[in-house]
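Using the sequences and the accompanying hints, generate a full structural model.
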Amino acid sequence: MAWKTIILLVLAAGAAPLAGHGAERGEVIYRKLCAECHGAAGEGVDGKADDPLHGKLSLPALAAKIERTMPEDNVGACVGEEAQAVARYIYDAFYSPAARLKGRPVRQEMARLTVPQFRNSVADLVASFRGNAGQIPGPERGLTGQYFGRRGFSGDKELQGKDKFKRVDPAIQFDFGTGLPSLPEGVSFPAQDEFSVRWEGGLIAPTTGEYEFVLETRNGAMLWVNNHEWEGGHLIDALVAGSNEVRKASGRVALIGGRVYPIRLEFFKYKEVHALIRLFWKRPDGVLEPVPARMLTPHWTHETLALKTPFPADDRSAGYERGNAVSREWLEALTDAAIEAADSVIGHVNELARVKKEDAPEVRREKIRTFAKEFVERAWRREFSEAEREQFLDRRLPKDAPLEASLKRFVIYTLTSPQFLYPEAVAPEGDWAVASRLALALWDSIPDQRLREAARKHQLSTREQVAKEAWRMLSDARARAKLGGFFEHWLELDRAAQVSKDPKRFPEFSPAILADLRTSLDLFVEEVVWGESSDYRRLLLDDGLYLNHRLAAVYGVPNAVPAGGDEFRRVALPAQGRAGLVTHPYLLTSFAYHDNTSPIHRGVFLTRHIVGMRLKPPPEAIKFEDGRFDPNLTMREKVTELTRSQSCMGCHATINPLGFSLEHFDSIGRWRAQEKGKPIQAAGEFIDANGAAVKLSGARDLAVYAADSPSAHASFIAQLFDHLAKQPVESYGPGTADRLLAAFTGSGFKIRNLLVEIAVIQSLASTVPSSLTATR
Amino acid sequence: MKTRRHFLRNLGLSAATLPFLSGLPGFCESRINRQRVIFVFSPNGTIPQEFWPEAEGTEFQLKRILQPLASFQDQLLVLRGVHNKIGGDGDRHMRGMSCLLTGTELFPGNIQGGSDTPAGWAKGISIDQELKNFLQGRKETRTRFGSLEFGVAVPNRADPWTRMCYAGPNQPVAPIDDPRQILRKLYGQMKDRATVSSVLDDVREDLSSVAKHLGAEDRALLDQHLSLVRDLEKQLDQSARETSRVGYPVPEIDPSIELVNENTPQISRMQIDLLVNALANDMARIATLQYMRSVGQARMSWLGIDEGHHGLSHEPDENAAAVEKLVRINEWFCGELAYLVERLAATREPGGEGSMLDHTLVVWLNELGKGNSHTLEDIPFVLIGGKAHGILTGRSLKFDKVAHNRLWLSLAHSMGHPLESFGTAVHCEGGPLVLG
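Chains as they are written, first to last, in the working numbering: chain A, 1 to 776; chain B, 1 to 436.
Hint data in this document are derived by calculation from the structure and do not stem from the laboratory.
Any given hint could be a false lead.
[What the hints assert, rightly or not] The calculated EDC-like cross-link candidates involving lysine to aspartate or glutamate, where the alpha carbons are at most 20 Å apart (straight line), are:
| id | chain 1 | residue 1 | chain 2 | residue 2 |
| --- | --- | --- | --- | --- |
| 1 | A | Lys357 | B | Glu258 |
| 2 | A | Lys367 | B | Glu258 |
| 3 | A | Lys271 | B | Asp116 |
| 4 | B | Lys234 | A | Glu332 |
| 5 | B | Lys234 | A | Asp336 |
| 6 | B | Lys191 | A | Glu340 |
| 7 | B | Lys234 | A | Glu329 |
| 8 | A | Lys271 | B | Asp89 |
| 9 | B | Lys185 | A | Glu340 |
| 10 | B | Lys191 | A | Asp343 |
| 11 | A | Lys357 | B | Asp254 |
| 12 | B | Lys191 | A | Glu332 |
| 13 | A | Lys308 | B | Asp192 |
| 14 | A | Lys399 | B | Asp254 |
| 15 | B | Lys191 | A | Glu404 |
Structure follows, in structure tokens:
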């Protein structure tokens with residue numbers, strides 16, 4: 001029954017309890033008034049107060065809450081000193097995190113690799129035999145185009161190179177009309193109806209998933225993505241034209257986010273009137289759009305094994321992806337993925353094992369055995385002793401067995417063994433364990449060459465040594481990808497991808513605008529986190545937005561960005577009262593109804609993620625039905641009406657004022673002065689984690705509050721920690737969260753420093769599963 | 001053995017009434033009446049004087065090129081006077097290839113041959129794919145793949161010289177010339193299953209030994225993993241038992257064979273073994289086997305010939321040495337064809353009467369009549385086997401410059417698919433060639 005369910009606001013705060021006295025009195029009151037519903041030790045009672053009486057409110061806030069709401073059927077029966085006494089008893093006995101840690105330390109759960117960890121590890125494992133994984137592309141953008149006056153991607157010998165040239169093209173969107181590309185001085189092509197172009201470089205994949213590429217052409221074209229096999233490895237073959245008509249051809253490829261992939265596009269016109277070539281893509285959850293210049297780099301890069309096999313999603317019930325469960329679907333996907341990886345390894349074995357054409361069969365076999373040995377050592381994040389190695393290879397890759405078949409078996413075994421899948425269950429002590437944890441924390445992957453080297457030389461023992469490695473690892477694309485994943489979770493970005501808006505109210509909104517907004521958000525986060533300051537507070541306080549010309553027109557500054565092209569630039573919008581992520585239109589759009597704002601969705605998001613207070617699920621689900629309200633009411637008036645009851649206000653006293661503070665921004669995040677002819681009311685007040693009343697006049701006040709609030713900082717740290725370590729911060733000992741908070745504050749809220757701090761703490765933690773230490 | 005077509009003709013029924021009869025119980029496709037077609041392509045024309053038998057009718061002598069098929073002479077039907085009359089864009093190698101099975105023109109395009117105008121892909125479906133669709137459209141003739149496209153030494157490029165099969169206009173179908181890839185396609189899951197089964201054994205062992213060192217709470221996840229592994233093993237055993245009922249065992253393919261010119265003879269035999277095996281296990285009823293491509297430059301070092309095939313085919317008739325080499329090259333192709341026919345003849349028709357050859361019509365194709373003239377006339381068509389198709393073999397026929405579209409009509413009719421027209425309509429005038 002709803003009225004019996006106690007709705008507790010569980011706040012993430014770190015205030016110290018008052019000095020203890022009168023605990024006995026508190027206990028007596030608890031037994032008398034509270035235990036019936038909450039259980040003898042606050043464990044909860046089925047059908048009454050189901051949830052255990054655990055939380056993070058400060059002691060004064062807890063007392064105030066009891067006074068205001070308890071006992072539920074007789075509010076007012078426990079006030080003043082009595083409320084304080086019972087609060088003190090509850091707080092120390094079982095309520096506060098510290099009390100719970102005393103009783104039963106939070107342990108680290110045994111976990112397998114998460115799906116992204118598996119994919120990244122396999123990609124890097126194979127890449128480690130090729131070269132430069134994780135390079136961050138330089139500042140140059142676009143693809144290198146080589147233009148030739150003949151169709152065969154070559155020049156005419158007699159013209160001595162005067163019929164070819166090279167340039168960097170920002171995007172591949174060319175209608176050459178009936179003529180030739182514009183030629184630089186000194187270059188001339190022999191015919192009007194013949195030329196060819198080869199574009200090459202790198203493609204930056206922002207997220208993990210399946211990408212669709214579409215070529216639009218009147219002529220001959222061929223596209224390769226993440227495949228260096230020029231013979232047969234293409235993604236799209238549209239070489240043969242038909243009647244000079246515009247054709248579209250498409251292909252799909254799986255890519256892992258945050259990495260750069262080789263791309264090549266060949267195009268030629270021959271005895272045809274028109275020449276046209278355009279390259280489009282559709283990112284996972286994106287829209288079909290020209291591949292933007294900022295996702296192209298003119299430099300060559302290695303191919304990466306990006307497994308196509310789909311996996312069931314990892315558990316996210318704790319607010320971050322973790323590998324705490326196995327299932328039949330997972331095991332089958334794992335097996336298929338291992339087969340896929342094995343087939344790819346065998347297909348490239350000569351390259352990976354550095355077999356040369358002239359190598360005799362015995363030499364080849366020996367090279368492949370050496371490769372296999374290194375393959376399994378890198379995968380299992382360890383090093384074999386000489387004796388172990390021989391024994392292992394003799395058993396797993398017998399000398400007399402057919403090489404290809406046994407190598408296939410070897411790769412599948414390596415990738416499905418617990419040695420690969422459960423890094424902590426088998427983690428050897430010392431430097432190798434540190435290397436393994438560092439790589440997982442910062443890259444979701446296996447240790448690279450440098451880390452392996454450091455582990456081998458026992459240079460991962462001190463804090464300084466580990467911090468040095470962590471700093472190095474931050475300047476790698478994989479660290480950016482991992483942090484990108486954090487923002488994905490923290491800001492619940494996956495929900496935004498599915499958003500649509502009422503076309504009558506918001507005709508200017510479209511899937512393309514939504515995709516632009518995502519880019520705008522990504523650019524902002526990237527600039528703040530990886531830019532000079534790396535200051536967490538700027539995420540909340542920045543008064544600008546990244547806009548391209550399309551967004552600029554929709555968001556009230558039509559001339560701020562020149563039309564044409566896909567350039568985004570930061571535009572300051574002080575008059576709109578913008579405040580970083582808090583008012584980013586992508587999030588405002590995501591946390592809103594398709595035809596109106598939603599202060600509740602926005603308020604819940606702000607409460608949980610920005611201010612850092614935790615909310616329990618609502619006692620009963622009440623649907624917001626717009627049609628049930630007087631049509632003249634503003635959204636704020638409707639929500640106030642809907643949530644006015646006592647049982648709602650337990651949480652909505654916080655949710656509503658936070659949500660209302662964003663009412664200046666409509667359903668697609670545009671600034672507005674009024675709604676239904678009435679001026680927007682964005683002001684309000686809420687009680688924070690320490691029981692203090694906070695007055696807000698609008699979004700910026702809220703952002704300023706969160707930027708300065710230790711409990712907001714602590715919440716940010718805890719969520720980042722979860723994402724990096726895949727274990728709760730409490731499991732690293734009671735003082736860990738406080739130490740991290742102090743370090744974060746001391747660094748001037750630098751996100752990069754925090755990343756390093758977290759990585760160091762979790763990778764140097766003594767052997768992780770507590771039960772392991774017990775058995776050793 | 002009387003086939004349906006003989007029976008119907010004897011009754012005086014025209015092909016046009018066939019669809020009305022197909023519902024009669026006695027006329028239904030049965031296991032006995034299984035019909036297959038294999039198209040085998042070799043490029044660059046033949047040497048007419050060493051190919052065409054002098055005599056017509058049933059009494060004829062095989063010339064050198066057809067000698068490898070001597071023991072099957074009574075099962076041959078040699079068809080002279082059948083022309084590829086498709087005109088339009090593209091050089092004759094292109095049209096020879098891409099119009100061969102489609103019987104229709106090429107789109108204008110950007111691919112330039114040695115002469116004529118540039119062209120694109122064919123404008124229509126090819127007869128093999130047409131027959132496949134027909135068979136796949138009926139439950140009683142439906143198979144896992146419907147058709148399989150094999151290649152031998154086909155260069156890795158897609159252009160009108162390299163493709164003869166089309167799923168429709170502008171939709172070339174690529175042959176697979178890697179026996180390993182074919183093996184994966186046909187039996188990949190089965191092979192992988194066996195590998196995974198043996199790996200799971202080791203994984204189970206590892207899980208147990210790792211779990212031993214863990215406390216109860218940490219063990220729980222690994223124990224669960226372990227029991228899932230056991231379940232998967234059982235599941236694999238089960239499906240392995242089911243698929244072990246596959247009648248014809250999977251051929252052994254050397255997984256390390258490199259796809260290089262020198263290995264062509266071995267690859268050819270592997271592909272033929274796989275093809276016969278796939279048909280025996282009824283994975284498809286239609287197959288193509290494409291050697292190289294039109295304008296193919298295979299260097300048949302295994303015959304002691306170092307020049308490229310296409311280059312040689314341009315040599316004038318007076319170059320006796322080149323002619324001799326071309327005869328030997330075509331003999332080699334015919335030898336591979338003979339190996340295929342032997343394999344079919346030596347395999348009992350699964351669940352039916354006679355040999356597989358009795359139920360399989362093998363059609364030998366070339367994109368040109370003669371290499372140095374680039375003629376599309378007198379394409380060296382040979383039909384072999386296919387008793388079930390009601391074609392009267394053991395004959396050498398000479399037609400009067402008939403369009404090859406009509407040959408494909410005959411083929412379709414012989415399979416119970418009485419097309420009135422196929423490809424370019426004007427070349428279908430006169431209807432199917434009478435082969436029965």
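| request: Provide an ascending list of the numbers of those earlier hints which the structure does not satisfy. | output: none
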